[in-house]
Structures are given as C-alpha cells and as structure tokens.
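Q: Model the placement of chain B on the given structure of chain A, informed by the hints.
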Amino acid sequence: MSANAKDLRNPLKRARGLGSAQSGVGHWWTQRVTAVALIVLGLWFVATVLSLLHADFATAKATAAKPWNALLLILFVVTAFWHAVLGLQVVIEDYVHTRWKEVVLRVAIKFLAVLGALASVLAVLRIALGA
Amino acid sequence: MADTRRPLSPHLQIYKWQVQMVTSILHRATGIALAVGTLLVAWGLISLAAGESAFDQFKVCMGSPLGIVLLVGWSWALFYHLCNGIRHLLQDTGMGYAIPQFMRSSWLSVIVSLVLLVLVWAYVLTTGGAA
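Those sequence lines, one after another, are chains A and B. Under our numbering, think of the first position of the first sequence as 1, with each following residue one higher. Under our numbering, think of the first position of the second sequence as 1001, with each following residue one higher.
A couple of the hints might just be wrong.
[Unchecked claim] Derived pair list, reagent style DSSO-like, types lysine-lysine, alpha-carbon separation capped at 30 Å: (1) A:K66 / B:K1059; (2) A:K13 / A:K101; (3) B:K1059 / A:K61; (4) A:K110 / B:K1059.
Source of the hints: derived by calculation from the structure; they are not laboratory data. Keep in mind the model is a prediction, meaning the values are calculated, not measured.
Next comes chain A alone, as it looks inside the complex (with noise of 0.2 Å):
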C-alpha cells in the first residue's frame, strides 16, 4: 500500500480498531443465523395466521394462549426484531455517510425495536397467563 513512508507505526497497529477488524464476523453470522430461524418461524406465522382469518376474538386468543404458540410467537417476534436491526443497520451503514445521522438513526431504530420486541413479548404473557 502507499502508506506514508515517514509514517513508522506498522500496518497492524494502524488497521486495528479500524473497519473491518471489530464485530463484522459476529454481525455476520447473527444475522444468518436468525434468518435460518425465520425461514421456520415466518412460515410458521404466516400459517397460523392464516388458520384465524375468520377466528373470532375469543378464538385468536385461545390459539395465541396455547403454550407452543405463545413460545413460538415470542420467537417470531424477538427474531424478527434482531434480524431487522441488524439488516437495518448494514443498510444505514451503506447510505448514511454523515456520521451523527448514522448514530442516530442507528440508535433510534434500536430503541424502536428493543421498545417492540418487549412490548410484544409483554403483549403475548399477558394473553398466555390471561393477566
């Protein structure tokens, strides 16, 4: 590379904490990770939502309260709010290039989600226990 040739720090030193060499691989296998679970889960949702689409009140919260689903729609919810922060945030990375609307857009949409991830989650105990 055309680094300064006065400059004597070695090239290592200058690259840590830099780009690339902090949380990219964690990032990276997070989100694959939570999609692999949201192939199962979206699909899972989709069919039981499907399975209500003429369900009273009652009914939904009879199906909402059984334990597999109640589980199964914490999941969904708390996967699918850690996959979007994440999809969102490559995608602020990309686009947003000033760097205290990256911060907070970033910060914002994680409040934003970490506000309806629990909400929902809050939401689906109250149905369960019938709180």
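A: Chain B in isolation, oriented as in the chain A frame:
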C-alpha cells in the same frame, strides 16, 4: 479517520438493468418494508392482549382498503425476502455463483415469491375475503 476521498461505485442510472441487480435491490427494499411490518405484528399482539374492542379496531384497520393494500404488499415482501434470503444462504455456502445459475436463481426468487403471494391471497379470497 479513513480517507473519505475514496472513489465511490457508480450510481444506479449508470448500469444496464438486469435481474441480478433487481433481486439485490428488492432484498433491501423488502427488508426495510418488513422491519416496518414487524411493528404491525407488535400492534396486533398488543391489541389482542388489550381486549376485544382494541382487537376489533385493529381488524377494521387491516380490513380497510389501505389495510388490504399494505397486507398484500407486506405478504409479498415477506415471501420475496424469504425466497431470496434462502437463495443468499445457499450462496453463502459458495453455491450458484456462475452467471447463468445466478440469473436463474434470481428469476426463481421473483417467480416463486409471486406464486406464493397468489396462492395465499387466492386462499384468503376463496375462504370469504380478508378480515
């Protein structure tokens, strides 16, 4: 800070349109749409936990013309992101990178997602419409 005067890749209007770039762009666009759609799932669960009147309100919103348009859009986004996501997972293993295979799998993502969309909404219509 990295050198910000690096060359950027050309913008979209430079390229000749081809299916490979369409699938890539659609994957991002549907991903962003689905992130918003996850909030809808959260809304549905919260209204189901809140009680019958809240859930009825949710169903009325979803059954309105705008609601149906959004549901059709979101269901296609889900099916497309699902099909193309599976394609990307297979490509992550190193499969299908020869250009003819790449183009074939691109078309397959688009076509299968549309088939799934038609199947699901045909089911909805034959069982008496949405909501």
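Q: When the hints from earlier in the document are held up against this structure, which numbers fail?
A: none
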